[in-house]
Amino acid sequence: MDVSGEVADLMVKESLQITEETIKLLASGSKNLTAFLLALSQDNKKLSGKTSMSRLLRDGKELKVFHIKESDLNDFRSFGKKNVLYAVIKDNRRQDGMVDLITNVDYVSQVNHFLQSRGYVAPKGPKAEKTQKKAVPRAPQENSLDGRGSGSTASRTTKTSTETTAPTSDKPSVKGRLEMLRAASEGMKKGQAPYKQKTPPKER
Amino acid sequence: MGILDEIISEKSTSDAQWRAARLAERENITALQDAGITEITSDPAQYARYLDLQSDNPFYSAGNIALVQMQVQNATIFGTAERWKALGRFVLDEERPNGAKIFTRAAKSKGYTISDAYDISQTQGQDVSPSPFLTDDKKMANALRVILNYTQVPVVPDRDLPMPAYYDQEKLQLAINPDAPEAEAFAAIATEIALVRFHNKGRSAGYSRADCELDAQSVSYILCRRFGIEREKPDMSRLPELYEGWPARERRQALDSIQDMGKMIGASIEKAVVPQQRSRPPIRRAVR
Chain F
1370 MDVSGEVADL
1380 MVKESLQITE
1390 ETIKLLASGS
1400 KNLTAFLLAL
1410 SQDNKKLSGK
1420 TSMSRLLRDG
1430 KELKVFHIKE
1440 SDLNDFRSFG
1450 KKNVLYAVIK
1460 DNRRQDGMVD
1470 LITNVDYVSQ
1480 VNHFLQSRGY
1490 VAPKGPKAEK
1500 TQKKAVPRAP
1510 QENSLDGRGS
1520 GSTASRTTKT
1530 STETTAPTSD
1540 KPSVKGRLEM
1550 LRAASEGMKK
1560 GQAPYKQKTP
1570 PKER
Chain P
2 MGILDEIISE
12 KSTSDAQWRA
22 ARLAERENIT
32 ALQDAGITEI
42 TSDPAQYARY
52 LDLQSDNPFY
62 SAGNIALVQM
72 QVQNATIFGT
82 AERWKALGRF
92 VLDEERPNGA
102 KIFTRAAKSK
112 GYTISDAYDI
122 SQTQGQDVSP
132 SPFLTDDKKM
142 ANALRVILNY
152 TQVPVVPDRD
162 LPMPAYYDQE
172 KLQLAINPDA
182 PEAEAFAAIA
192 TEIALVRFHN
202 KGRSAGYSRA
212 DCELDAQSVS
222 YILCRRFGIE
232 REKPDMSRLP
242 ELYEGWPARE
252 RRQALDSIQD
262 MGKMIGASIE
272 KAVVPQQRSR
282 PPIRRAVR
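So the sequence lines, in the order shown, correspond to chains F and P.
Each residue of the first sequence is one higher than the one before, counting from 1370 in the numbering used here.
Each residue of the second sequence is one higher than the one before, counting from 2 in the numbering used here.
To be clear, the hints were calculated from the coordinates, so they are not data collected in a lab.
Watch out, some of these pointers could steer you wrong.
Listed below are several chain P residues computed to face chain F (Cβ distance under 7 Å; list not exhaustive) [as the list claims (entries may be wrong)]:
no.	residue
1	Ala255
2	Met262
3	Met265
Cβ atoms here follow ideal geometry from the backbone N, Cα and C, with glycine treated the same way.
Based on the provided sequences and hints, a complete structural model is requested.
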């Protein structure tokens, strides 16, 4: 019985399958390569740490401006390396040793946390005045992002608020204390492990 | 115009009016709550009254306590008509229109609805059993055991300590004077445990004992009053300063956190002190 015809068919079929798989692999590879090259060209590779203003502006998100002491910048650099995408603008004419730190709205809470831990106080915004005029608010309407970083966007920095952060006085910080209270009650709800003292093994 | 058109237009008008009335009522009550919370956190006398009311009603939120405090002059223990019914009491008919408006969870939907709450004096029926008082040594020992379980730091005995308990934030340890009278020790330990939780092993960056003292003492006061332990009112001299510039919403959240802590520790103590009653398991009969 002659089987050479069947073998030839099988070989053709196999080679077709191999070609098909090769084309599929090449296509997906080239797609990934294109995405990679596109990301490279857009300079999106940096997700946290110090970056340029143009990179922040390219994101199209609202920008926030903070003022911190130049001496605290090194600390912030190590903090922001993995947590915050930011740019620093240093004005050489400035004599007070402060620099502008610009980030987008996504990182405001992290920057606030850093500033709070370094003893900066939140600047008083115009809302404080409002509350004084209006004794009793009709309904809760406060923005939780009140204070630092809620100033103007970088694109409008010609009129940047002149708010500066100063070292903490004796007055307790609203956010800090409230966060602490919340964390304490939440921690208890989650049943954060109470401290267990080690008991010595029983002796016979 | 047909009669149906008239009915439909009447209905839509009355629906719109009803909706507007509900909205206005909700807004008024929210405003009243905010005003109450602001008053409580600004005036030491109101804060003291709030602490008493919160201790007597540990399961109600600070917002509801503020609402009742603003609406009922001498409120003590309060609850909705359903709650009183569950406790074997009923609201007197003549008192039905005099309920205080509070927010309660909606039974069938998400969110909160407005309900009437009545003071115990507006109801009649079975006696309400208060939380167990830590009168005997065994109960007190159990309560102390439970409360100490909430510490996140090591507990060390210190007989030379000039006070019953002290949380050392530098050494991260809670020192307790074993010679202190038990009631005093309970009050002091409750305060220090609250401080321990606020400090959270040093994770809370803005922690300062001076700023947290009133909150910690409030937790302790709520627990002491609930379990019949006498202790003086917290030092409220810094109250207006501590809440100065806070919006009403954040003041309420702060009070809610204090209430939450008191409620959780209190529930654990109650569970440890009150003997658990086990119901008899149902008899399973073989079914053919």
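Hints versus structure:
The criterion of a C-beta within 7 Å of any C-beta in chain F is met by P:Ala255, whose closest approach is roughly 5 Å, and the hint holds. The beta carbon of P:Met262 is positioned within 7 Å of a beta carbon in chain F (closest approach about 5 Å), and the interface hint is therefore held. Hint on P:Met265 holds. Least Cβ distance to chain F is approximately 5 Å, under the 7 Å limit.
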